[in-house]
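**Student:** The chain contents come next:
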Amino acid sequence: MLKFSAIMLDGMNYAAWLFLVAVGLTLIYGVMRILNIAHGAFYAIGAYVCASALGVYYGAGLPEALAFLAMGVAALVAGVVLGLAVERGVLRFLYGRDEVLMVLVTYAMFLILEDAVKMIWGVNSYFVYQPYAYFGFVEIGGLPYQVYDLLMVVLAVVLGLGLWFWLERTRMGRMTTAVVADREISAAMGINVTRIFATTFAIGTVFAVVGGVVTAPKIAVTPGIGVEVIILAFAVVVIGGLGSIPGAAIGAIFAGYARALCVHLAPQFDLFAIYAVMAAVLAVRPHGLFAKTSGRKI
Amino acid sequence: MSRDAILITEGLEKQFGGVVAARDISVAMYPGETLAVIGANGAGKTTFVNMVTGYLKPSAGTIRFRGRDITGMSPRDTARSGIRRSFQISQIFPQLTTLENVIIADIAAAESGGALSAPALTGERMDAARAILARFALDGFADSIVGTLPQGVKKQLDIAMAAVGDPAVILLDEPTSGVSVDEKIGMMETALAPLKDGETTLLFIEHDMDIVRRFAARTVAFYEGTILADGPTGEVLQNDKVRQYVIGGAHA
Amino acid sequence: QDSFKIGVPVFLSGAAAGPFGEPEKQAAELLFDALNAGEVPGPYNTVGINGRTIEARFTDEASDAAVEYRNLVERDGVDAVIGYTSSGNCKTVAPLAEELETFTVFVDCGTPQIFEEVVTDPKFLFRTGPTATSDAVGAARYLVDSGADLSRVAGINQNYAWGQDNWRDFTASLKALDTGSEIVSEQFPQLGAGQYGAEVSALLTSSPTVVFNSFWGGDLEAFVLQSAPRGLFARSTVLMTCGEALFPTITKDVPEGAIVSARGPFSVFAPENELSTWFSAAYEERFGTMATYPAWKMAQAILGAKAAFEKAGEGATGADAAAAFAGMEFEAPSGTVKMANANGHQAIQGIGFGTYALVDGEPTVENVKFYEAECTSPPADMTAAAWIEAGFEGAICD
Amino acid sequence: MKTDFRREPVYIAVLAVLLVLAFFLPGWLRFLLQTALGGGLVALGVVLQMRAGLVNFGQGLYYCIGGYTVGMLAAKAGITEAAILLPAAVIAALVIGAVLALLLSRYREIFYAMLSLAVSMILYGLLVKAAWLGSTDGFNVPPVSYFGWLPDRGVRPDIAYGVTAVLTVLACFLVARYLRSGAGMLCEAVAENEIRLEYLGASPRRIVSITIVIAAGLSGLGGGILAISTGHVDPSMTNWTTSGGFVFVALLAGRGSTIAPILGFFLLELVRTYALDFAPNAWQMILGAVMLAVILLLPDGLWSLVQRRRKT
Amino acid sequence: MLEVRTLDVAIAGTPILRGASLDVPPGTTAGLIGRNGAGKTTFMRAVMGLLRPEGGAILLDERDVTAEPAHVRAPMGVGYMPEDRRLIPEFSVEENILLPVHATGAGVDRARLTMIYDLMPEIARFADRKALALSGGQQKLVALGRALIVGHRLLLLDEPFEGVAPALAQRLIEVIGGLRGEGMSVLLSESDHVHSADLIDELFVIERGEITRRTAQAA
Ligand SMILES: Nc1ncnc2c1ncn2[C@@H]1O[C@H](COP(=O)(O)OP(=O)(O)OP(=O)(O)O)[C@@H](O)[C@H]1O
Ligand SMILES: Nc1ncnc2c1ncn2[C@@H]1O[C@H](COP(=O)(O)OP(=O)(O)OP(=O)(O)O)[C@@H](O)[C@H]1O
Ligand SMILES: [Mg+2]
Ligand SMILES: [Mg+2]
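Residue numbers (this note's numbering), protein chains in the order written: chain A, 1 to 298; chain B, 299 to 550; chain C, 551 to 948; chain D, 949 to 1260; chain E, 1261 to 1479.
Hints were generated in silico from the structure; no laboratory data involved.
We treat Cβ as the ideally placed atom computed from N, Cα and C, and that holds for glycine.
Treat the hints with caution; some may be incorrect.
A short, non-exhaustive set of chain B residues, derived as facing chain D with CB atoms under 10 Å [stated by the list, open to error]:
#1 T376
#2 Q389
#3 A416
Derived pair list, reagent style DSSO-like, types lysine-lysine, alpha-carbon separation capped at 27 Å [said to hold, decoys possible]:
#4 E:K1390 - B:K494
#5 C:K725 - D:K1077
#6 D:K1024 - A:K3
#7 C:K725 - C:K555
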């Protein structure tokens, strides 16, 4: 029984984290058809920015409760600046090129950013554990659980719903769908494609950065944290169906619970559980769970 | 007609959700004849061709080719058994040259999957491909990348590819749409003449009644998924319902 | 006279760069500069190596090991290679060192296989640090000796060779010591996973009395940050073989009482002598942080090489030095290092364990117990696994 | 013409001459070339699939299978004869390739990439768990004999290089033959318009399967060569970063010739080595910048330089 | 309304339009006639800003839009119907028609939508079906509807009657003719003006990328 509630909680917690780090990836792919490997670097930068920002914040002796506000601001600023810099600085010159080529472009960006991070922050770890400890823990069915982790689930749900609402229910979202389907005709119909791309990329980047920012207080912020994340995020997004926000949520839940089940019941399979889930899902539904129907061809 | 039909459909039906795209479509095609299909937009003409060539599986009804039931066969198998088609939106290999397009058609027709080690680009095959291009008056474009060619040329190439391997039945979906008016007749002539050399049975979908009159002895008119009229072209085009729903009063 | 070129492959990128690459590189820089200036305390107070100034060539270990090793030797013509942290890289490089006949010292890489399987008849290859076997054996002994309740034991180790070997040796050691422990949970999260919520839950729900952990680097820190607030350390005795690395990083967040080691007589477990005092002071002064055990291991590898080349005499080739080095004993900040195993190519050293404590805000260890090399390392003629299996046959402990 | 590979023998002859000349390169450089030849074969396998519009982000799978087959036979079963090991590596990869082709040939575009990645990562997970194979550390491969002759340490590298070079050229020849065949020519058609191809009577799945299997065999050979060259195999061979490198080389090189990815891989390794030498702290950045520059400036890959020259 | 001066456009290095000039005064319907490959589509696309001209100028309502991005045209009341339809497959028919309205942020003009549905009752019938399911000709109608909804000032119709059944084509011609009364300008391309002879005030013939003016009567 204790084990069961632990699995439920752990799965949910891990799923929330996976969703946060993956949703930006699926958004950018969905709109721009760019499978953005640099997403991992954005995540890492988010973690570093959080570490630095909180370092300065606490250094100035400001109240601990408002540190979360500082984290939010840092995420927003860093995400927008970084996203726009990459999109305006590099990607826009490559629009319309092959999807695979874009993967490699972002891979190159990833390598460059990784070393840039190393140059800015060095190779030593950064720690900002105060926010993680701030809320303390609660016992759920005898299992102590960090409140911060539970709040992360709330954050994932709120941000996910917000993004979904933006995409499905707002004019901007509809325009985005049109741009996905046909960039050129969308422009001819009066959509400012450049702005949609820049906005989407910035939002996607903000999500990656948010992922890093909220994770930073739990971990040692070190070089290499981005590599692990990117491949997990890929798996999540592919399970759910590339480009679908609800898909990313379902993918995250699948992967999160697969991991939780493994950890509790068969720890030796942890490493490839997520790939096995991905392979199994793709074998049954070749385009992921929430894949979009493609148009009539002839 | 005295001869046995080569292709017969009986009571074909196709529904997409609530939309009935075809209902009780029974048509017989006879060897060597040329048949036009006309109809309003969305009448089910393309759906009919899609069913015959195996792209869509009919919800009901049967399709018989040379007496054999081919209902539900895959496009590949219908193609291999001798039914070929061209497309409303030309289906070609856009990044390749015109010559390569035809060569590929030839390899696919000759070896299905392609042999593994024998060189495919034999002199013989090159000559054959060039001959096909010449037959369809495409030789001027042999080395152009197909994607950059005008619509009309793409259409013609699409037909040329369908004709590779001398199939028994060819179905052309709007072969002249996108082709300029003064070229339409010329194009139909270049496209059909080589096909008519043999015993090829030909069906084409068309919106231009001049073309229909000129090239088809028999016409089938579709409306809302059903056959409105089927008979000699002259009669069908005079049919009141056909005039009302398809051709329109003034233009006929 | 031309300089003495040393190739130094250490991690400059990736997750191991911070915890290993950086201290190793810094220690190497410190020693090379001090040696060139003749400032290292005796017996190393002569300039450079055999009077030749040392010139370092650092390369990133996180690249193709075989290719980079050849580049160092064949392209750059180094006189010696001192480095390597990853066991996988060591395995790749070991036969190459013999093939290219180049004096090579492995600084770290825990796997005992190097001389047990990969190069069984070494000539040019040395390892100046102890293998990981002593970590696990020492850990088991310390737990028993400190009277910990070993009835329910859990392990959380990284899912790769290092973590798996550590856990295997540790559980085998428990068996050899006849503790009658029940293994209640074995967690193997992926290297660099960073998120241990589920693992911690699994550990908590299996209510272990002892938790064994061989994490290093960011994983170790993340594990402590995520498990301590949830009370894992309060509910169980947690032992971290690489725990000393936490001292300069998350000083305040390591729960007091956690059992730590420095994987040998390094850092807080180092003996007091002139070399160790000089090293830790000079390191801290130059880099503003305490020297963690990888720095100590690098220092001792370099000093070992110097001792070997100088024993072989002026103008010594790599082969001469290698011959001189085999079976040698040399002084290091960690005390006297005996090249005792693998025909004198593998060092054996003791290991200390203790509990973490903060005294006046300074991290330190209490309840220290030190095991001599002969107690935690297999004898020269036995493999680690067989030795543990045989109940530490021939071990000399006091 | 994209599908015309009739000039291929000339290019392969050029490659052969280059490889003979390279025999006299300094040891480290020749070794770099030798490992690059193994990797180049894998990249060539990626290129073959790319011609059919498929990007394999898990080609390292077969590379790893080739390497481990050689490694396990040599180190665990005591068979150290290259004339057995290398064919075994190829066959093992071919068999796995054939089995996976049944599944993978149904997938296209990014889904093919992701599924192949997943499969290769499953193998990675399995190998990491296999303590008897050294887990992440992998294990070492003893020196091999050639038709019963075990060369001395002194000439071993020369022989290994010679064998690698000969096998590479041979593999290129076989691939060129395949490229000129019907199945090879139809790949381009699969990438461009499967519906048309089906309607011409050909089976895209069959063509894709053949490609997958051939690419697997090549990669198996590459892995086998690497195992013999470096004397070490480990699971990183099937990690996605390794596969990503192959994809990069494939794109960088372009698909104009069998020798392009082989030379491309060597170039990449050179860039990597010199970047490491020049800036050990920022070599990834240099590598990334070079990648970006190539993508921006040479959209059709390096081989387009050769082709452009030919056209003008 | 539309004035194009000596437009030069090249695709992949090949010059396609050479000094093409044309003007469509307010309230007139102009035909751009040319054989396959003459450059009609290229011209339309250049006017829409989908291709960058190498020389010349494009003026809409006296405003020089040559260097402006494509999306500024729709808010100026320009409706475009591409030759190859280009609907958004996952949108419903009505969403497709309303796309430019949503894009420009203008409120939905119900009256105009009703007008379009009246004009083409067949699309009203399948207004809530997804565009991806439609037949070729049906898509063409939707694309026309989409152009009409924003095209208050200028309509650019690229081969609008191609693939449309004759009965329907006739009706469309009548309606487009009726738009003249509202002061709208229309430029429609065709390979021949058989369909639109009665409709056209001004006739331009394009040949190998060069445009010459004919009077409608003379042609
Ligand atoms: N991507 C391209 N690369 C090179 N040439 C191109 C490209 N696209 C079009 N062309 C050429 O530009 C010329 C004009 O094409 P365009 O489509 O404008 O003609 P059109 O008059 O609309 O013909 P159609 O009646 O077939 O629609 C044609 O000769 C065509 O081959
Ligand atoms: N895949 C599909 N899903 C749903 N409905 C479809 C599908 N394909 C066709 N339809 C519907 O079936 C009907 C017939 O379509 P079809 O394409 O056969 O028309 P058509 O006669 O070829 O018209 P056109 O002259 O415009 O090409 C149309 O109403 C169309 O919307
Ligand atoms: Mg149709
Ligand atoms: Mg056109």
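**Student:** Tell me the hint numbers this structure goes against, listed in increasing order.
**Tutor:** Per hint list: 4, 6 and 7 violated.
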